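Undergrad: Below are the chains, spelled out letter by letter.
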Amino acid sequence: MKRIFTRISVLAVFLLLAINVAFAQNITVKGVVTDGGDKTPLPGVTILIKGAQGGTQTDSNGNYSISVPSTATLVFNFVGYTAQEQAVANRTTINVGLASSTQQLEQVVVVGYGTQRKIDVTGSVATVKGEDISKQISTNPVGALQGKVAGVSITNTGTPGGSPTITIRGSGTIYGKTVPLYVVDGVWYDDINFLNPADIANISILKDASAQSIYGIRAANGVVLVTTNKGKKGDAVINYNGTVGFQKVTNQVEMANASEYATAVNEAYALQGAQPLFANTNLGEGTNWYDVALREALITNHQLSISGGSEKSTYNLSLGYLDQDGIVKNNNYKRYTARLSNDFQVFEPLKIGYNVTATSSKSKDPASGIFRALYAASPVVPVFNADGSYGDPNAFNLGNGSNMNPQATLDFFNQNTTKYKITGNVFAELKFLKNFTFRTSLGGDFGQEEVRGYIPVYKASNTQQNTNSKLDIDRIENRNWIIENTLTYDRKWTDHNLTVLVGQTAQRNKMYEINADALNVPYTSEGDLYLALGDAATRNVTDKGEISTFASYFARVNYSYKNRYLLNASIRRDGASQFFGSDNLWGNFPSIGAGWVITNEDFMKDQKIFSNLKLRGSWGKVGNAGVPFNPSTQTVDQSAGLIAFFGGLPYTGASIRSIVPPFLLWERSAGTDVGLEMGFLNNKLTIEADYYNRKTEQAIFDIPVLGSIGTQNSSLIANQADIQNRGFEFSATWADKTEGGFTYSISGNVGMNNNKVLNVTSGSNPIYRGGAGLTSGYLSTRTVNNRPIGEFFGYQVEGVFQSDAEAAAWPGFKRGDFKYADINGDGIIDLKDRVVLGNPNPKFTYGVNTNFAYKNFDLTLDIQGVADVDVFNANLSNRFGNENYTKDFITNRWNGPGTSNSYSSASLASGLNNAPNSFYVEKGDYIRLRNIQLGYTLPQAISNKMKMQRLRVFLNAQNAVNIFGYKGFSPEVGGAPTNAGIDTNVYPLFATYNFGLNVTF
Amino acid sequence: MKKNINLQSCIIATALGSMLFTASCKKDFLNVPPQAQQPSVTFWKTQDDALKGVNAMYANLRSWDNVAFNAIAIESTGSDEADKGSTPTDATFFNLFDQFTVTSTQGSLQGFWTGQYQNINLCNQVLDNVPNITMDAALKSRFLAEAKFIRAYSYFRLVRAYGNVPLRLNVPKDNTEYNIRQSDKANVYAQIEKDLTEAATVLPQSYGAADLGRATRGAALGLKAKAAMYQKKWADVLALTNQVMVLGYDLFSDYEKLFRTQNENNVESLFEVQAELLQSNGDASNSQYSQVQGVAGVMGWGFNTPSAELASAYESGDPRRDATILFRGETTPQGDLVPTTVPNERYNQKSYVPFNTRVSGFNEGAQQNFRVLRFADILLMNAEAANELGNPTQALTSLNRVRRRARGNNANILPDVTTTDQTALRNAIWKERQVELAMENDRYFDVIRQGRALQVFGPKGWKANKNEVWPIPQTEIDLSGGLLKQNPGY
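Residue numbers (this note's numbering), protein chains in the order written: chain A, 3 to 1003; chain B, 1106 to 1595.
With the rest of the complex left out, here is chain B (with noise of 0.2 Å):
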């Protein structure tokens, strides 16, 4: 009996112990930092940090909602060069926008909305927390002027599409700031305006191979230039595409192969999103720009198919037209051969990549670049402006070096424009756009521009002081308690 008090006493000792033992280290015992992750407070601290920040701004530009099929509905859909594509029963959705019946509650309104401002967002917080770095100072100011580029280009996506939209220039510091009204068009140009202006006097004219895409003087300049020419600045225009077109830029040689992957980045190139296979990464291997055009069930979906009109728009023997549009059936300079099976006539052969890329698992075609901007832009843009300037020789010098390029040494076609008349020459150069950036995602918002949208997309229900801009995103709206106004017609 002895034996079995002392036995517990000491089982009591020794479990009255461990409870007080819990108990003292309680504090440090609850005390587990959150596993795998970074807290914010620890970021925005060094050099790195700073460059970490202005690479994500760049990585965003190839998301889904900035390349793929909400930038396609948005920016191409509603043009008269590109139909939805894929099996008629296939993502119908694409038709509220080719037909003009789309309302605010659409999902890709949403999206595409998102995508910009998550573009943004990513500018200002290098706006904001990268001057507060102690680090070298010739870097800062290159960060931030080429976070004032992308913050430019993504307002330029935003204006074009929406027309007024909340302008953010900071990182929303608690929720007093997270609601704010929409700015004029107007004022959201001017930031635009502001945003380039700045980022040109910094950014350097070129980069070594490491940093080759990020955003250089020509691509603030000339980006600048069309958004001049969207408000009709034409002397801003004029001025601007003068001054890129001493920066070095040319017109890459052959017009098909300025298009392939291994030509990215080339002289003719002011800026483009930059993508890849990463074979190590799927995840960053993430842009399914070229995947939601390639061939259907070859490369891809099949999505925003050149139209009949496109391919009945090219002058006579012009090879732009073969090299913008892949046909079923055709075989491609790089050997393959579009099977006749497959639901469309035609594919988007700019955004092309040759079948023995695709690797199992990955998006088809995610090396492939998307371009934003080109010499080929410049040029047209300087002609316009140059003729709506009273300036028809410059014009028809700038119009047919682009002209010239796509004739190669075929000297049977495309011959130079020679007139001098301001009205036929204006639509030799908006002609001209039409074909030399088919595909681009630029042909919808340009005629809209241009003043043209109801005689070019009116029979496909366009509508005049309505859809010269698509409906602000109805969540949006909504979420703002009102403070938000939709815009006229929806």
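Pulled out of the complex, with its shape left as it was, chain A reads as follows (with noise of 0.2 Å):
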């Protein structure tokens, strides 16, 4: 009914067109609107005419028809763009490009259960379009973020299939969860890994407290909002890209040959009063296990999508493939996926529509330790012998650290992990009462994840075999769901501009895994590795579960008056099963923020200088409920430790080995952010700056507890410590268009973060860290009070004992010995006298981010970096004998008095030489080609031609070139707080090199 109303007054206007047709000598003129950047068509345009009544609309495909006098001028009207006037000059054809200039001002972005115009956020929130994603050629959706928004820093793993690291302004945690939430259409998830990233429409980054706060007990280390692609109205819209690339490693380490490392390894025994080893240490190149194992590996990735739709219903869907070899040999990854949405206008009121995405992917797992071996493995020691039997380490006497054969590790390891998902959610969404929108979404999140390793029954050397074979099951499922209910009131009058949103939710997740694992399993193939087969004797399960649920509720308040002052308030109420029982279950998450848009003010009117400046500040409370399970109830150990034999025959044992704290809640931050945004040049020229501090309060952290008490952990752990990250950011972008048909825009963006702990209640107690297995068995990391967190910790290098003499004041070494400083100053080195050797936490990250296009060319070319970081060495450090050297530690060691006085001799893993020292800690800054992409559409009429709407070829190259001073492979090395940074087993750094195809039919 209310549709008839509305056409009779679409008749009255064309009535009162026909009217005015009939009063002037018109002519009619016809054209198309479009975006000036991108050339898309612009629909619902409003056109009028200069000084008079009248006017239209362009159509959905930015076709407009006008009769006007020959010498009228017509305005061409847009939300987001700059007005344009046209004189019509008998003209009948007026193609228009309008200029977005207030495109950042008007322009809307997600963001939590809503929209919102991005003039009217008060925080902080950073948006990636689709394209910008899908350019990077990435396999991972997260990866593609790198260097792309400030304050965001991504470490990526190489690792095929596996997720990269993702950190937004600083690690808040140290035993909570450090990844962010990510909201993919309206389902919470932990990781996105599953996502293909050609589905991505749009990502938008809650960075802020105040943005975030509306998520509550999950958003304390932000929020990724993702939005997929959905099917637009229109005819089907057929969409392929694909790409085929190599990878290659870059950047590799040289190592050391076989005469080289003989003669070091000699030198050390001599320094250790043994015989030499080698008794000819002329033993040429030898092996070089790096080029026995890498390859060059192929990539290939294809993608097919489907979407369009009617006035009722759209849909979308698409298909990708991923085959991507590793770098190292029998490495190797495939996905699938599978995505469908489906939106419905039921009735004029009602829209109901689903997304379902289905993935399962496959891969064969590196080997595990491989690269750790690579680097370890003697060259002296051959692939294989001339009888073509494995080359042995222990024939050379090589001791351990060094005895494995990584060929034989190459050829019998045998392990798969496959995973299956179903995910996705229903939605309705009702508009009544004229401003109330009603939308409820249920979720559910299906996953499996199988590893299956097999070991056969093999003997490569006496260190390399296997007796017994051996089948490994680990499964792991996850079954969550979430359902979500919110009410927007949505008005806007005179100069008033409101939205009200109040909203519940409900979720509930549970994993379930079960290992199960027997021996002797015979192999003929594949399809014979069942637990089953084996003895069942030595069958062995166990299984482990968790189940966490969360029951929310909140509300939000935005407001602006006059375009020019901005409200934002929101609260949350969270409780979370896993703190039942204490009085903490629930928790409020508050927020506030506040906007003043400068320009919007009269005064402001007649300058020239900005065209945009705003100025924000907000204030937020978020929370972490990833925190251990149920710590604070103490639990009864049965751990296959505490099994008890007697005649030779196992017994059950349990006991009690633990104290707990008193109760244990989530970890909530506070946090403030004042930003600052301006546009210069009709908004040619965007820059925007923020200053955030944010505070974790309640910080799980440890309490280290007497040994005397007997507990199995040395320690345990509490609520009781603040940690503050607090920096700025700037990201400035130039967009630009030349008379020629040149196009082009760069952006770049900074971010800096200072990371510190404060207030630990216990004291100043630190918690040692960093991976003792890795480094030697020292602990290399502490986190302590008025620090960083997990802050590489050891002795300060001051030279090299020249000789004997000169080390004979200092028990325990002898020259060619690290010369450690004696920092406590009583005559004897040990670990009251380390220092803090550097900070893993990167002090900033930043990218520049370019596109070009001219004609049919367009190139994209992204740069990006990490500067003030300190990595951890632990490939050199971590030696147990006679492990092979760097040829850069070959070249320079200290072998006789004046040689060296900062490389010690090839004595490197005995006495402290192989403790965490500052010989060990190199700076980890890196400026990386990220990406570079140059494309070439084929002109209209030839595409045509072939029957397609557009064809785009490309050549995509990614991390061709990187730059840094350390001295192991990547400096990009990641790692949980506490044990980041310490490099040992990093996948090696790649390049990828592609050619693409993007096809529109």
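Source of the hints: derived by calculation from the structure; they are not laboratory data. Check the hints yourself; a few may be wrong.
Each pair of labels, with its calculated beta carbon distance range [unchecked claim]:
#1 B:D1316 <-> A:K512: 38 to 44 Å
#2 A:S641 <-> B:G1586: 29 to 35 Å
#3 B:Q1204 <-> A:N761: 40 to 46 Å
#4 A:A281 <-> B:D1316: 55 to 61 Å
#5 A:A281 <-> B:G1434: 39 to 45 Å
#6 B:T1306 <-> A:G650: 27 to 33 Å
#7 A:T302 <-> B:T1147: 51 to 57 Å
#8 A:V459 <-> B:G1434: 37 to 43 Å
Under the rule of at most 25 Å between Cα atoms (straight-line distance), these lysine to aspartate or glutamate pairs were calculated in the DMTMM-like manner [as the list claims (entries may be wrong)]:
#9 A:K834 <-> B:D1341
#10 B:K1536 <-> B:D1355
#11 A:K546 <-> B:D1154
#12 A:K461 <-> B:D1154
#13 A:K461 <-> A:D474
#14 A:K758 <-> A:D927
#15 B:K1278 <-> A:D927
#16 A:K758 <-> B:D1583
#17 B:K1565 <-> A:E808
#18 B:K1571 <-> A:D828
#19 A:K834 <-> B:D1583
If you're wondering where the values come from, they're calculated on a predicted model, not measured in any experiment. Just so you know, even glycine gets a beta-carbon here, dropped at the ideal spot from N, CA and C.
Work from the hints to combine the two standalone chains into their complex.
TA: Written out as structure tokens, the structure is:
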């Protein structure tokens, strides 16, 4: 009925127009209105006749037609674009490209539970468009964000199928989850590895506490909102994107050859007073193990999507296939994705729809520890002996640490990881009483992950052999659901703009893991790998599970007055089952933000400098419920280590081996953010600057306990530290188009973060971490009050002892050893003499992203880097004996008085030489040509002939150039807080070169 | 339009209904018990709980801290019988113990300390909680006696290693009981003797097959004798060893076979740490006692190797030399050839397990028991006490019983000792202890007890009035806020 009225009013307008026609001698002007930047047609552009009545709008394809006096002037108006005037001057075709001058201001951004005009946002929200993600040819959507957003630090893992580490504005937790919350079309995830990057329409990153706090207890590490592609009304559009390419290791570390190695080992033995191990050190080049195990690896990626829609419904179906070989032999990853979304406008006010994604992946995993093994393997050992048997390090008497032949490791390693996931949501959205929208969404996430390892019976050497085959199956199932109900009231009147949101959610996450193994499972084919075929007596099954439920209520008000004064406030109340039984089951997470759009003030009307000037500030609280489960419940230890044997048979043992804190609750952060947004020269240049200060309160931290209490762990955990992250972010974009048709944009961003632990309630007792097994048995990081999380901690190298006489004063040291600073001056070097050696938390992350287009060519060039960060070169320090040396070390080592005062002797594994010290801590700064892509779009005429709307071919190179001073493979190391930045067994850095094709039918 | 409104109201009603539903059941919705974990408040209720708690005490005795690197560093490396082993540049921290340059922050000091206190906690858990369980009374008192034995054993290892240590006899109830002072060495020994006296009155003389390996009356008396010997309470040593000698123990006929897994818990054994290689459970097969000392690259890592001094300490023809030391290139009685390419000349044969028992993915030799106390030690303690108390005849009888077993059928070696001169006999007994108990974590503290450490270990750097005990772990002193006092000289 309403629609009938609308039609009548349209009719009236036409009637009026017709009357106009009757009075003036008019001509008909036609044309297309497009975006001046990307040339997409703009529907709904208002076209008015200057100084006269009447006008029209463009249709869905940007076309318009209007009858006007031949001398009239047309005014083209569209929200988010600068108005443009065109004198008709007898022209009958006037095509207009509108400059998206105020685009930044009027742009709509996705925020929690809705969208907001960018102008109304008072927090810090960064958005990345889908095309910027798909241009990265990244296998993981998160990896594609690297260098794109200020303050978002991403560390890629090279492992095919692996998920990068993402840190938004620094680490604020030690024990809690460090991953941000990912919300994909309203469903919550910890990881979006299952998504095909090509399916993403848009990503919003909520960086400040006020924007995050609507996600309450899960938001402390930031929130990443992902909107996937939806169909658009119109004919079916078929898109194919495909790439094929290869990956090649870059920045390979050169290792010592056989002669150099033998010489160095003999030197080390001599220093220990032992006979030389090698009678003859003239052994030539020997084996280069990296050449043996690494390869140039293929990668192919295909994606096909079909989308479209009618008046009443839209659809989008996409299929993806990725096949990636690892750069280490026998490593491969395949992923299949399918995604379907449908929206139905059931009745005028009611829309329902669903999104569903199904993913399956299969990985032939890289042999465990292979990269460390390649580094450590001795070059004197042949890959194979003359008789075809494996080269045996034991035959060379090399001892522990280098007793593996990596070829045998590669050959007998058989582990597959398969993952299945089906996830999505159904929703209904009802508009009623003019201003209200009610939305309900039910999301589910069902996943299964299976790791199947099989060790066959083999014998390569005494240390690499297996007498009983073993099948190991580890299966993890996730069953999660989430219900969300929101009610939105949206009203604009005169100068007021008000949105009120109330909502409620409930969710339940269940994880169940079962692990089973059996010995003596015969192998004739992969189909034989069943536990039932193994020895019954050796079958072993364990399992575990986790269930957590959350209930939440929230409300938010957004108000703006005259588009000048902005006010946002929200509150969320969360309850989490993990804390059931404590007084702190429920938590409240409020936020408030205010903004002032100065350019919309009357007094700014006449200035020409700023096209946009906005000041905003916000404060909010968020929580992290991703803390260890029920740590305040003291439990019975029934671990296998307590199984006792009597008469040769096992008997269950159990006891209590812990003390627990009285209660434990979620971690909460309070953050403030002050931002300034500026636009100059009609927003050709836009600048955004933010200062933030975020404090995690009640962060879970260790309380070391006396060993004499006899607990199994040397510490217990409790909510007792504050962690601060504060910093600046700055981003600027210059976008322009020359007369000659050259369009380009250059944007740069930089984030600076300072991380510090404040106020540990239990005092200054530090947490020592940093993987003993990775660092020769020593702990290499310390986390303590007033210092950043996980700083490298060890001895300060002052030089190298040139003679035994010089070392004589220091018990345990000899010539060629590192000379350490005796910090406490007691004449003995021990753990009391350790100092801070470096900081693994990057201070600066930055990126430069550019786009150039000229005629049919387009070029994208992205640079990304990290500065002021340290890496612990544990590959170099982690030694138990005769591991190989790097060429750099061999060249510079101490081998006699005066030969070096910075590199120790080859006796690296002895004494305190392999203890964490300043020699092993290196600068981890790097700058990288992250992505370069050159594309050519065939002229429309040609592609149309080929029955295509568009055909584009491109060449792409990722990580092609990496500049860093670090002496390992890659300074991009990552790791959990307190264990970050320790480089050992890191997947080597590689570059990917692709040829690609985009076709639209 | 009417239809629309109906639909609207319907959906709103459903939505509000679902909100109310969630709200009303939120209490239950958020009440999720911990998954796959048993809360401790439900434990210590039944006889079965008591049994499990007692089993756990025994199990922890084979932990890394109790039998592997840290035990070797504290109890063996300082002696003249063992070298670091492995390749020269591997795990050189052992040299700090070998050369007596160790300082209080060294990790093995804390590891061994914590390992012993973990045992003590497991015992205290039993001693605090089992009395309140309604169960078979005889079994209950046996369980408590077993706990006292293991607690005494752990305190004995602590007091030898560190001297004055905190004496915890209960599970701390709250944080006011966490930080306690050290007790004097004498008080620690007094508690050890008290625990062992109480244990000995209750523990059975032996067990059926299903309980083989639990603490016995003989173990409690024997350990008490050893504790007495460390305090030079010779009358006690004599009396206690005499008591043990009538309990039915005997020397196992073949010294080499004594240490093989098939002869575990034999007639000579008073107490062993029980370990197995359980193919269905790698985590339970966690003893690394044999692995860390196994032939490097073949059956383990090759640490704690018998020294040249030990190899030359044996009388000519003493078969115990070959039974204790696995020489490079030798073929073992079980037929294993020790390759000539291994990095060390000698390995510990007492921890040796034949190579063919190796199961990949499991610790090599995980099935090897660690021998804590054997009847030969009892006899030698008996001999020493008798000699000190002026009874050379009994001393010679006990001493020569040990030598006779070693001699076997070969009359040409190891003749009976005949001297009745107290000093000469004392030296002979000490010498016998060196070779009979070699590589069993006895020698280092034995020499210190004898008061000869400066003479024997001095050339390696041992210092009087300092190295009688190792330093108290620094972390422990720091965490105590200075309540714990460092040993003199460190």
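Undergrad: For each hint, tell me whether it holds in the structure or not.
TA: Here's how the hints hold up against the structure:
no.	hint	verdict
1	B:D1316 <-> A:K512: 38 to 44 Å	42 Å, holds
2	A:S641 <-> B:G1586: 29 to 35 Å	32 Å, holds
3	B:Q1204 <-> A:N761: 40 to 46 Å	43 Å, holds
4	A:A281 <-> B:D1316: 55 to 61 Å	56 Å, holds
5	A:A281 <-> B:G1434: 39 to 45 Å	18 Å, violated
6	B:T1306 <-> A:G650: 27 to 33 Å	29 Å, holds
7	A:T302 <-> B:T1147: 51 to 57 Å	56 Å, holds
8	A:V459 <-> B:G1434: 37 to 43 Å	29 Å, violated
9	A:K834 <-> B:D1341	44 Å, violated
10	B:K1536 <-> B:D1355	21 Å, holds
11	A:K546 <-> B:D1154	22 Å, holds
12	A:K461 <-> B:D1154	44 Å, violated
13	A:K461 <-> A:D474	20 Å, holds
14	A:K758 <-> A:D927	20 Å, holds
15	B:K1278 <-> A:D927	51 Å, violated
16	A:K758 <-> B:D1583	23 Å, holds
17	B:K1565 <-> A:E808	21 Å, holds
18	B:K1571 <-> A:D828	17 Å, holds
19	A:K834 <-> B:D1583	11 Å, holds
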